[in-house]
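J.: One letter stands for each residue in the lines below.
Number of protein chains: 2
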Amino acid sequence: MTQSPLSPELSPSDRTRHRRLREQGSKDRGALDSLLAAGFMCHVGVIVDGHPMVVPTVYGADDLHLYFHGSVASRSLVAAPEATVCVTVTHVDGLVLARSVFEHGANYRSAMIYGTPRVVVDPEEKLSGLRCLTEQATPGQWDYARRPNRKELAATTLLALSLAEASVKIRTGDPDDGEGPDAELGLWAGTVPLVTTFGEPRPDAGLAPGIITPPHVLDRTGTRLG
Amino acid sequence: MTQSPLSPELSPSDRTRHRRLREQGSKDRGALDSLLAAGFMCHVGVIVDGHPMVVPTVYGADDLHLYFHGSVASRSLVAAPEATVCVTVTHVDGLVLARSVFEHGANYRSAMIYGTPRVVVDPEEKLSGLRCLTEQATPGQWDYARRPNRKELAATTLLALSLAEASVKIRTGDPDDGEGPDAELGLWAGTVPLVTTFGEPRPDAGLAPGIITPPHVLDRTGTRLG
Chain A
95 MTQSPLSPEL SPSDRTRHRR LREQGSKDRG ALDSLLAAGF MCHVGVIVDG HPMVVPTVYG
155 ADDLHLYFHG SVASRSLVAA PEATVCVTVT HVDGLVLARS VFEHGANYRS AMIYGTPRVV
215 VDPEEKLSGL RCLTEQATPG QWDYARRPNR KELAATTLLA LSLAEASVKI RTGDPDDGEG
275 PDAELGLWAG TVPLVTTFGE PRPDAGLAPG IITPPHVLDR TGTRLG
Chain B
95 MTQSPLSPEL SPSDRTRHRR LREQGSKDRG ALDSLLAAGF MCHVGVIVDG HPMVVPTVYG
155 ADDLHLYFHG SVASRSLVAA PEATVCVTVT HVDGLVLARS VFEHGANYRS AMIYGTPRVV
215 VDPEEKLSGL RCLTEQATPG QWDYARRPNR KELAATTLLA LSLAEASVKI RTGDPDDGEG
275 PDAELGLWAG TVPLVTTFGE PRPDAGLAPG IITPPHVLDR TGTRLG
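Chains as they are written, first to last, in our numbering: chain A, 95 to 320; chain B, 95 to 320.
Be aware that a few hints might be false.
Note that identical chains are pooled: a pair holds if it fits in a single copy or bridges any two copies.
What the hints assert, rightly or not - Okay, derived cross-link-like pairs now, DMTMM-like style, lysine to aspartate or glutamate, Cα gap no bigger than 25 Å in a straight line:
#	residue 1	residue 2
1	K245	D127
2	K245	D268
3	K121	E273
4	K245	E229
5	K220	D143
6	K245	E218
7	K121	D216
8	K121	E246
9	K245	E197
10	K220	D237
11	K121	E259
12	K121	D156
13	K245	E278
14	K121	D187
15	K220	D276
16	K121	D313
17	K220	D270
18	K245	D276
19	K245	D157
20	K245	D313
21	K220	D122
Rather than coming from a laboratory, the hints here were simulated on the basis of the structure.
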């Protein structure tokens, strides 16, 4: 499947325009790509019976699409196949501790992607989408594990959401009250970073003796997510 | 404010019934409480102009409510003050690497809370809600930082969402294909834990010399979130 990258600039619609003051919106396509590449868990927002529902699930992203399992949106899709979803991917980078409670918050990077997900039916795209999803969480795993057979492929509903309508918000750095009168209070202010790290792989309890942890899994130990 | 705890059993509505197979739904009120206590970031799902929108934001939870800033839902609230939101709090505990791609997934704990958020107008509840929000992320900070003044309180829209309609889903442990024919493939399977840890506090660049990091912030270093 040949894929040409999208425009280097995101094109926020009215839905993706930034309304808050302290966070910075980014129109940089690269910011979206690196944000998506840095994680594997998203929150999918759908409307079910007239109410919003927000479901966490794993995703995979390539240049054009975000892939996720249809099960999370199945009721919504059945009820309204043309309905929009909003998929949000967030990395929390730390706490922002200001002099005043009013200026407290968090440093984070977040992407929101809007669109109508397409059910992937082409078997080749389905395989490449599942590969994308598998490799996103664990690079090297697609070539290691047993790939889906025909029955499993048929039992899997894979959704593809275009990255065309996306928005990125990033909050970084110090609190915002360092130059106002509160700076005279003599209070400590700053940030407390949050770091997410992969730990040591834990073998399945039923693993036969002699099966070694493959290098691509072992190498993950101690590396950062996000 | 005296608050009696809710029923020890969650009461899932049709919206909060579990539909997937491998995750375990919990009806235990304690599971919800500990899940909420273990984080400070949630994803708020609202309907804006007929479309779902999922926004990350900080929260605070007490026995009865989840508090969050109204700014994230403001457009939605103005358009439909009686509208339902769905707030989801997720802790990702690790990767689940099975023998077959089909059984791959993540270990996680997730809570979904449905309801119509109430704008907190009573000044005393507003202060106690903001305290809850501040202490959730950084215990000890409410007594350390400068508290909101009248002007700041007026400028803050605080929402309270009842915890009465909530649902918890937890996926833990080994992959699910350890007893089937795939166990004979000789492939490694297991889990890779993900741990989120607070790092060393970073003083604001503009901090006057001699201001020490307060113990309640310093003590966070190296502790786990989630």
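J.: The structure should be examined with respect to each hint, and the outcome stated for every one.
T.: For each hint, the structure was consulted:
In the homo-oligomer, the alpha carbons of K245 and D127 never lie at most 25 Å apart, since the shortest distance is 33 Å inside one protomer and 40 Å across protomers. Taking the shortest Cα distances, K245 and D268 sit within 25 Å of each other only across copies (23 Å), while inside one copy they are farther apart (53 Å). In this assembly of identical chains, K121 and E273 lie within 25 Å of each other by CA distance neither inside one copy nor across copies; the values are 28 Å within and 49 Å between. Taking the shortest Cα distances, K245 and E229 sit within 25 Å of each other inside one copy (21 Å), while across copies they are farther apart (50 Å).
In this assembly of identical chains, the alpha carbons of K220 and D143 never lie at most 25 Å apart, being 29 Å within a copy and 32 Å across copies at closest. For a Cα distance limit of 25 Å, the shortest separation of K245 from E218 inside one copy, 15 Å, qualifies, whereas the shortest one across copies, 59 Å, does not. In this homomeric assembly, K121 and D216 never come within 25 Å of each other (Cα to Cα): the closest approach is 32 Å inside a single copy and 40 Å across copies. For the homomeric pair K121 and E246, neither the shortest alpha-carbon distance inside one copy (39 Å) nor that between copies (31 Å) is at most 25 Å.
Taking identical chains as interchangeable, the C-alpha atoms of K245 and E197 lie at most 25 Å apart only when they sit on different chains, with a minimum of 13 Å there against 54 Å within one chain. With identical chains, the CA atoms of K220 and D237 are at most 25 Å apart within one copy only, with a shortest distance of 16 Å there and 54 Å across copies. Taking the shortest Cα distances, K121 and E259 sit within 25 Å of each other inside one copy (11 Å), while across copies they are farther apart (38 Å). When the C-alpha separation of K121 and D156 is checked against a cutoff of 25 Å, the pair qualifies only within one copy, where the shortest distance is 18 Å, while the shortest distance between copies is 38 Å.
Taking identical chains as interchangeable, the C-alpha atoms of K245 and E278 lie at most 25 Å apart only when they sit on different chains, with a minimum of 19 Å there against 68 Å within one chain. Taking the shortest Cα distances, K121 and D187 sit within 25 Å of each other inside one copy (20 Å), while across copies they are farther apart (32 Å). Taking CA atoms no more than 25 Å apart as the test, K220 paired with D276 passes between copies only; the shortest distance there is 22 Å, against 56 Å inside one copy. Taking CA atoms no more than 25 Å apart as the test, K121 paired with D313 passes in neither setting, with 34 Å inside one copy and 38 Å between copies.
When the C-alpha separation of K220 and D270 is checked against a cutoff of 25 Å, the pair qualifies only between copies, where the shortest distance is 22 Å, while the shortest distance within a copy is 46 Å. Taking the shortest alpha-carbon separations for K245 and D276, only the inter-copy value of 15 Å comes in at or below 25 Å, while the best intra-copy value is 64 Å. With identical chains, the CA atoms of K245 and D157 are never at most 25 Å apart, being 28 Å at best within one copy and 46 Å at best between copies. With identical chains, the CA atoms of K245 and D313 are never at most 25 Å apart, being 32 Å at best within one copy and 52 Å at best between copies.
Proximity of K220 to D122 under the C-alpha cut-off of 25 Å is found in neither arrangement, the shortest distances being 29 Å within a copy and 38 Å between copies.
Checked against the numbered hints above, the structure violates hints 1, 3, 5, 7, 8, 16, 19, 20, 21; every other hint is satisfied.
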